[in-house]
Amino acid sequence: MIPILLVDAGFVRLWIFHAHPFYFIVVETKDGTVSVAAAFAGHQEAVQDRDHKFLSKAVEEAYKGVDCKDGGPFGAVIVHNDEIVASCHNMVLCNTDPTAHAEVTAIREACKKLKQIELADCEIYASCEPCPMCFGAIHLSRIKRLVYGAKAEAAIAIGFDDFIADALRGTGFYQKATLEIKRADGNEAIIAEEVFEKTKEKFQMY
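Each residue of the sequence shown is one higher than the last, beginning at 1 in UniProt numbering.
Among the hints, a few may not be true.
[As the list claims (entries may be wrong)] Pairs of lysine-lysine, DSS-like flavour, derived with a Cα cap of 27 Å:
(1) Lys57 to Lys115
(2) Lys57 to Lys113
(3) Lys115 to Lys53
(4) Lys112 to Lys57
(5) Lys57 to Lys144
(6) Lys198 to Lys182
(7) Lys64 to Lys53
(8) Lys53 to Lys113
(9) Lys69 to Lys57
(10) Lys182 to Lys57
(11) Lys200 to Lys182
(12) Lys113 to Lys64
(13) Lys69 to Lys151
(14) Lys115 to Lys200
(15) Lys144 to Lys115
(16) Lys115 to Lys202
(17) Lys53 to Lys144
(18) Lys69 to Lys53
(19) Lys112 to Lys53
(20) Lys53 to Lys151
(21) Lys112 to Lys69
(22) Lys182 to Lys144
(23) Lys113 to Lys144
(24) Lys151 to Lys64
(25) Lys112 to Lys200
(26) Lys69 to Lys113
Derived from the structure by calculation, the hints contain no laboratory data.
Assemble the whole structure, with the sequences as input and the hints as a guide.
See the structure below:
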């Protein structure tokens, strides 16, 4: 093997050799001590192949949702221990539910299947960058990793505009906010706030 890098700092010399699929790191100190470490060069490639496999499934779901007229072209899969536990697409039209985005639907299905409300040991693959609602759902479910394909701009270009901040500012590309927001005051606010104090001993925080 021919070293691909040599560092000589006087008190230590470092060589890096490549013999696929490994990198060998050889360190020689001034007193003649030699140590060798090996790193698996194919790890990154393996991760990329794995991501490609699951993301491709999410893309398939996106096509499926449109073909079935269930909703928009969005798909998502949730993976647990290298196995798909939920494979879903946008169901907004089918369910008459504006919150039935692919990611939210997949999270609901995965939670039911795994019988848990936290998915900290799961990953989610989305065909497109999630909207703010879906990002919120992913955060609340404690999913540890998100991989998405298309940027949000690709969806915006065909009419999907879910940037809440832009909508509220009136700068949304398609959607403008028409929501009126008011916080109750007086006795109504006090009664609503008392709910937390009066129920805190009756439920376990999740």
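Structure-based check of each hint:
Between Lys57 and Lys115 the CA atoms are separated by roughly 23 Å; this keeps the pair inside 27 Å, and the hint holds. Between Lys57 and Lys113 the CA atoms are separated by roughly 19 Å; this keeps the pair inside 27 Å, and the hint holds. Between Lys115 and Lys53, the direct Cα distance comes to roughly 26 Å. Compliance with the 27 Å bound is thereby established for this hinted pair. Only pairs whose Cα atoms come within 27 Å are accepted, and Lys112 paired with Lys57 is accepted, the gap being roughly 21 Å.
At most 27 Å may separate the alpha-carbon atoms for a hinted pair to count; Lys57 and Lys144 meet this at roughly 19 Å. Of the supplied pair hints, the one linking Lys198 and Lys182 holds, its CA atoms being roughly 24 Å apart against a limit of 27 Å. Distance hint between Lys64 and Lys53 is fulfilled; the C-alpha atoms sit about 17 Å from each other, no more than 27 Å. Pair hint Lys53 plus Lys113 holds up; C-alpha atoms about 22 Å apart against a cutoff of 27 Å.
Distance restraint check for Lys69 and Lys57: the Cα-Cα separation of roughly 18 Å lies within the 27 Å cut-off, and the hinted pair is therefore satisfied. For the proposed pair Lys182 and Lys57, the alpha carbon gap of about 43 Å is over 27 Å, so the pair is violated. With a C-alpha separation of about 26 Å, the suggested pairing of Lys200 with Lys182 holds against the 27 Å cut-off. For the proposed pair Lys113 and Lys64, the alpha carbon gap of about 22 Å is at most 27 Å, so the pair holds.
Distance hint between Lys69 and Lys151 is fulfilled; the C-alpha atoms sit about 23 Å from each other, no more than 27 Å. Proximity of Lys115 to Lys200 is assessed by CA-CA distance (about 24 Å); at most 27 Å being required, the pair is judged to hold. Distance restraint check for Lys144 and Lys115: the Cα-Cα separation of roughly 17 Å lies within the 27 Å cut-off, and the hinted pair is therefore satisfied. Of the supplied pair hints, the one linking Lys115 and Lys202 holds, its CA atoms being roughly 22 Å apart against a limit of 27 Å.
For the given pair, Lys53 sits about 18 Å from Lys144 by alpha-carbon distance, which is consistent with the 27 Å threshold. A distance of roughly 25 Å separates the Cα atoms of Lys69 and Lys53; the hinted pair therefore holds under the 27 Å criterion. With a CA separation close to 24 Å, the supplied pair Lys112 and Lys53 stays within the 27 Å bound. A hinted pair counts as satisfied when its Cα atoms are at most 27 Å apart, and Lys53 with Lys151 qualifies at roughly 19 Å.
Proximity of Lys112 to Lys69 is assessed by CA-CA distance (about 25 Å); at most 27 Å being required, the pair is judged to hold. Simply put, Lys182 and Lys144 have alpha-carbon atoms about 35 Å apart, too far for the 27 Å limit, and the pair is violated. Straight-line distance between C-alpha atoms of Lys113 and Lys144 comes to about 18 Å, which keeps the hinted pair within the 27 Å bound. With a CA separation close to 20 Å, the supplied pair Lys151 and Lys64 stays within the 27 Å bound.
In summary, the hint linking Lys112 to Lys200 is supported, as the alpha carbons are separated by about 26 Å, within the 27 Å threshold. The hinted pair formed by Lys69 and Lys113 meets the criterion: a straight-line CA distance of about 25 Å does not exceed 27 Å.
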